[in-house]
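Each residue of the first sequence is one higher than the one before, starting from 83 at the first, in my numbering.
Since the hints were derived computationally from the structure, they do not count as laboratory data.
Note that the coordinates shown come from a computational prediction; the quantities given were computed from them, not determined experimentally.
A few of these clues could be false.
Subject to a maximum C-alpha distance of 20 Å in a straight line, what follows is the list of computed SDA-like cross-link-like pairs (lysine to any residue) [claimed, not checked]: (1) Lys448 / Ser387; (2) Lys448 / Asp419; (3) Lys460 / His379; (4) Lys222 / Asp233; (5) Lys428 / Trp409; (6) Lys645 / Asn672; (7) Lys270 / Gln250; (8) Lys528 / Lys555; (9) Lys486 / Asn514; (10) Lys270 / Thr259; (11) Lys438 / Glu365; (12) Lys460 / Met368; (13) Lys493 / Lys462; (14) Lys435 / Met368; (15) Lys438 / Gln255; (16) Lys554 / Ser539; (17) Lys462 / Ser539; (18) Lys428 / Gln386; (19) Lys270 / Ile285; (20) Lys428 / Lys460; (21) Lys448 / His379; (22) Lys493 / Asp402; (23) Lys493 / Glu408; (24) Lys682 / Gly220; (25) Lys486 / Pro556; (26) Lys486 / Ser560; (27) Lys555 / Pro339; (28) Lys482 / Trp409; (29) Lys435 / Glu535; (30) Lys438 / Ser421; (31) Lys649 / Pro268; (32) Lys649 / Ser676; (33) Lys428 / Gly450; (34) Lys435 / Ile489; (35) Lys482 / Ser415; (36) Lys538 / Pro556; (37) Lys482 / Asn514; (38) Lys482 / Gly450; (39) Lys429 / Glu461.
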Amino acid sequence: MANTSDLPCDADGTCMVCKKKAPDGETLTCKTCVTPWHSTCLSVPLKTLADAAHWECPDCSLTADQPGGATVKPSISGGDLVEKIRAIESDQSLTDREKAKRRQELLSGDAKSASPEGPNQEQKNSNGETNDGLAILGDKLNCSICMQLLDRPVSTPCGHNFCLKCFQKWVGQGKRTCAICREVIPSKMAREPRINSAIVIAIRNAKMSQSNVSGGVSRVNHFVHNKDRPDKAYTTERAKRSGKANACSGKIFVTVPLDHFGPITAEHDPERNVGVLVGETWEDRMECRQWGAHFTHVAGIAGQSEYGAQSVALSGGYEDDEDHGEWFLYTGSGGRDLSGNKRTNKKQSFDQKFDKSNEALRVSCKNGYPVRVVRSHKEKRSSYAPQEGVRYDGIYRIEKCWRKAGIQGFKVCRYLFVRCDNDPAPWTSENNGDRPRELPTVEELKHATDITERKKSPAWDFDEGQGRWIWKKPPPESRKAPDAYDEEGKITKRARRQKRNESVKERLLKDFSCLVCRKVMVLPLTTPCAHNFCKACLENSFAGQSFIKQRTCGGTRTLRAQKNVMKCPSCSNDVSDFLQNPQVNRELMNLIESLQSQMKEENMESEELDGANDEDAELCDETDDACIEVDMGEEIDGTNGKSNIGAENENCDASAEILKEEKDEKEGSKPLSNTNPQPPIEKKALGRCDAVSDDKEAGVARGEMPKRRNKRRGAGEEACSLAPNGGKKRRGNKT
DNA sequence: GGGCCCGCAGGG
DNA sequence: CCCTGCGGGCCC
83 MANTSDLPCD
93 ADGTCMVCKK
103 KAPDGETLTC
113 KTCVTPWHST
123 CLSVPLKTLA
133 DAAHWECPDC
143 SLTADQPGGA
153 TVKPSISGGD
163 LVEKIRAIES
173 DQSLTDREKA
183 KRRQELLSGD
193 AKSASPEGPN
203 QEQKNSNGET
213 NDGLAILGDK
223 LNCSICMQLL
233 DRPVSTPCGH
243 NFCLKCFQKW
253 VGQGKRTCAI
263 CREVIPSKMA
273 REPRINSAIV
283 IAIRNAKMSQ
293 SNVSGGVSRV
303 NHFVHNKDRP
313 DKAYTTERAK
323 RSGKANACSG
333 KIFVTVPLDH
343 FGPITAEHDP
353 ERNVGVLVGE
363 TWEDRMECRQ
373 WGAHFTHVAG
383 IAGQSEYGAQ
393 SVALSGGYED
403 DEDHGEWFLY
413 TGSGGRDLSG
423 NKRTNKKQSF
433 DQKFDKSNEA
443 LRVSCKNGYP
453 VRVVRSHKEK
463 RSSYAPQEGV
473 RYDGIYRIEK
483 CWRKAGIQGF
493 KVCRYLFVRC
503 DNDPAPWTSE
513 NNGDRPRELP
523 TVEELKHATD
533 ITERKKSPAW
543 DFDEGQGRWI
553 WKKPPPESRK
563 APDAYDEEGK
573 ITKRARRQKR
583 NESVKERLLK
593 DFSCLVCRKV
603 MVLPLTTPCA
613 HNFCKACLEN
623 SFAGQSFIKQ
633 RTCGGTRTLR
643 AQKNVMKCPS
653 CSNDVSDFLQ
663 NPQVNRELMN
673 LIESLQSQMK
683 EENMESEELD
693 GANDEDAELC
703 DETDDACIEV
713 DMGEEIDGTN
723 GKSNIGAENE
733 NCDASAEILK
743 EEKDEKEGSK
753 PLSNTNPQPP
763 IEKKALGRCD
773 AVSDDKEAGV
783 ARGEMPKRRN
793 KRRGAGEEAC
803 SLAPNGGKKR
813 RGNKT
């Protein structure tokens, strides 16, 4: 709390407390208002010099909870800093904005770019690609009060962004209008400002790309599999059995690659935007596969021997398994005679080896990779198995693996799995996730051979500071990026292009996706509940609704006007007030448009370099959002896409008009590809995918889906000639 | 509940 | 292109 006796230095640098001129080494400058203070006269002295760069004066920290929260190390000492700030302040050639920018650069420790001749020079790497994410942001994500990079950003309904502290300080002074446009700040917003997480993530990513040597740990690639398939598993004509006995997989709803390690987070779940949650249950393995928890629909282990295993299923297929919930002993695959067209065989007839998927598990053990675990109702001996269906139980790590003689006498590969998930297990009443726990004593290890224990530090581990399990090392890079390699294993032109285009800018743009259409926002709006949408998308979500609805009262014919509640598409907050006069967040819009135009220029340059006759040219021939964003969801509605609350064509046109008008105001802004407002994606029932329309399903079930191999072995060979592609060359299997 | 059967999907 | 696989429907 501020002490009333705290006073700053006056214009001459004389401390108003001790009335002496404060020496340079004893002057402190507030990071918010840039006022100099005499450090020795402060009632709450600074703990370390390191706090100096982020010190906030008693006036500015009135609303701040605790001082000293800053952790960023300054590169400049206190006295030096003040001198530099003074130099900036007294530079007549600079505008106020430029001064603020330079102050910010100084205070953020970015002294190199604060050199007088070239502030904010973009740093280029050897490829000429801009790597300095924060520089790309420019001053577009600066707080309009302190002019520094937004810290805990909040966005007003009038479309302006402030640091939480600055905003709180502003309203704490009794001000109820926006510092920029003087628009009234809604009282709820003033009381409970919400952090705009899209901006947080964008800044975080920008910082990450700045500090990252190459690539980026948090990079999110979006791969779409089976996207043209129906929502449900389906049977081809060829399949002799109905239902899912011999079915093909339906659409994969999440955008992780098939060899994705670790949890499936919200950013990979365009369908529901929550990710795959612990405890989520599906009807069967096909459905489980569609949500990416465990991709292989028969095999218990999903993995690659040279690369690692991503997930396992506990389905009671091997009697040696031993389940204790938080830890379990898993048995490898193989050792069974599968001749005669069998898929499994209870009887073991030879030893298992550490090869194929057994080796994949061992690789995950050695590296400490996170392994997703699903339990099936078919595991009858475990009390932790679900009653029905297949359930996602979270992340485990393989702490040890070995071989031992199994129940049937032949050797089996064995794995000790220990849970390490940030969410509580489905069976526990705890409401926190796992903490590192001691390994259980495994009796059978006494008789084990080929024991493998992890030697290096695990890739997935508990971070004491954050109090959660995180990637301590970058997750293995996916080898399953579509079309990344040609037949000879050389990287393809398309992949090269994709790599090149995966610039910092592109990643930043992804952070500015509309929560409805999931594309980069056009005319971004931030609701008071801090969710971001395209203007058209949000308005279109309530097309046909009026702000006031009339209700008859108590059986009489009196009509009473009542406010119509309009729930934010992302949460249950009423956004009807906001919608009466929604203001575009122009700072965001400017940033998005500048990123897009820069990317377009870069793309054009690389087109020229590539030559005109590139067969993939249509992929990225514009600053096409489809290139940036996953284009899922569009087909969900198909032709009868106007699913939302009776949205009518006129309404769509109307909002498109508004869009256009607003757009035309801005000179030279290029039309964006997604000016068509998208209807909101229909929410799917959790873990279910039965929302597909009958005709659609029927259409696909006719069997013209993907071309399939026509291979077969063992019995039933005759039926082969009836297959749709029976005329194609096919292996002459012996009968 | 056990056994048989076989399309599919992924690994290599 | 072949091999493998802790599925799932159905018959007994």
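Results for each hint:
1. At most 20 Å may separate the alpha-carbon atoms for a hinted pair to count; Lys448 and Ser387 meet this at roughly 12 Å.
2. Between Lys448 and Asp419 the alpha-carbon distance is near 29 Å, which puts this suggested pair outside the 20 Å criterion.
3. About 14 Å separates the Cα atoms of Lys460 and His379, which keeps this hinted pair within 20 Å; it holds.
4. As the CA atoms of Lys222 and Asp233 are separated by approximately 13 Å, the hinted pair is consistent with the 20 Å bound.
5. Proposed proximity of Lys428 and Trp409 is contradicted: the alpha carbons are some 24 Å apart, above 20 Å.
6. Of the supplied pair hints, the one linking Lys645 and Asn672 is violated, its CA atoms being roughly 34 Å apart against a limit of 20 Å.
7. Distance hint between Lys270 and Gln250 is fulfilled; the C-alpha atoms sit about 13 Å from each other, no more than 20 Å.
8. For the proposed pair Lys528 and Lys555, the alpha carbon gap of about 32 Å is over 20 Å, so the pair is violated.
9. For a cut-off of 20 Å, the pair hint linking Lys486 to Asn514 is broken: about 35 Å separates their Cα positions.
10. Between Lys270 and Thr259 the alpha-carbon distance is near 13 Å, which keeps this suggested pair within the 20 Å criterion.
11. Under the criterion of a C-alpha separation no larger than 20 Å, the hint pairing Lys438 with Glu365 is inconsistent with the structure, at around 28 Å.
12. For the hint pairing Lys460 with Met368, the CA-to-CA distance comes to about 14 Å; that is within 20 Å, so the pair holds.
13. Pair hint Lys493 plus Lys462 does not hold up; C-alpha atoms about 23 Å apart against a cutoff of 20 Å.
14. Taken as a hint, the Lys435 and Met368 pair is broken in the structure, with Cα atoms around 28 Å apart against an allowance of 20 Å.
15. Taken as a hint, the Lys438 and Gln255 pair is broken in the structure, with Cα atoms around 67 Å apart against an allowance of 20 Å.
16. Taking the CA atoms of Lys554 and Ser539, the gap is about 9 Å. The hint holds against a cut of 20 Å.
17. At most 20 Å may separate the alpha-carbon atoms for a hinted pair to count; Lys462 and Ser539 exceed this at roughly 35 Å.
18. Taken as a hint, the Lys428 and Gln386 pair is broken in the structure, with Cα atoms around 24 Å apart against an allowance of 20 Å.
19. Distance check on the hinted pair: Lys270 and Ile285 sit about 26 Å apart at the alpha-carbon level, beyond 20 Å; violated.
20. A threshold of 20 Å between alpha carbons decides the hint, and for Lys428 with Lys460 the separation of about 14 Å falls inside it, so the pair holds.
21. Note on Lys448 and His379: the hinted pairing is violated, with a Cα-Cα distance of about 26 Å set against a maximum of 20 Å.
22. For the hint pairing Lys493 with Asp402, the CA-to-CA distance comes to about 11 Å; that is within 20 Å, so the pair holds.
23. Annotation: proposed proximity of Lys493 to Glu408 is violated, straight-line Cα distance about 25 Å (limit 20 Å).
24. A threshold of 20 Å between alpha carbons decides the hint, and for Lys682 with Gly220 the separation of about 18 Å falls inside it, so the pair holds.
25. Among the hinted pairs, Lys486 with Pro556 is inconsistent with the structure: their alpha-carbon atoms are about 33 Å apart, more than 20 Å.
26. Between Lys486 and Ser560 the alpha-carbon distance is near 33 Å, which puts this suggested pair outside the 20 Å criterion.
27. With a CA separation close to 19 Å, the supplied pair Lys555 and Pro339 stays within the 20 Å bound.
28. For the hint linking Lys482 to Trp409, the alpha-carbon distance of about 12 Å falls within 20 Å, and the restraint holds.
29. Restraint check for Lys435 and Glu535: satisfied, since their Cα atoms lie roughly 17 Å apart, inside the 20 Å limit.
30. With a C-alpha separation of about 18 Å, the suggested pair Lys438 and Ser421 falls inside the 20 Å cut-off, and the hint holds.
31. Between Lys649 and Pro268 the alpha-carbon distance is near 17 Å, which keeps this suggested pair within the 20 Å criterion.
32. Under the criterion of a C-alpha separation no larger than 20 Å, the hint pairing Lys649 with Ser676 is inconsistent with the structure, at around 32 Å.
33. Of the supplied pair hints, the one linking Lys428 and Gly450 is violated, its CA atoms being roughly 31 Å apart against a limit of 20 Å.
34. Distance restraint check for Lys435 and Ile489: the Cα-Cα separation of roughly 16 Å lies within the 20 Å cut-off, and the hinted pair is therefore satisfied.
35. The suggested pairing of Lys482 with Ser415 holds, with an alpha-carbon distance near 17 Å, which does not exceed 20 Å.
36. For the given pair, Lys538 sits about 14 Å from Pro556 by alpha-carbon distance, which is consistent with the 20 Å threshold.
37. For a cut-off of 20 Å, the pair hint linking Lys482 to Asn514 is broken: about 25 Å separates their Cα positions.
38. With a C-alpha separation of about 10 Å, the suggested pair Lys482 and Gly450 falls inside the 20 Å cut-off, and the hint holds.
39. The hinted pair formed by Lys429 and Glu461 meets the criterion: a straight-line CA distance of about 17 Å does not exceed 20 Å.
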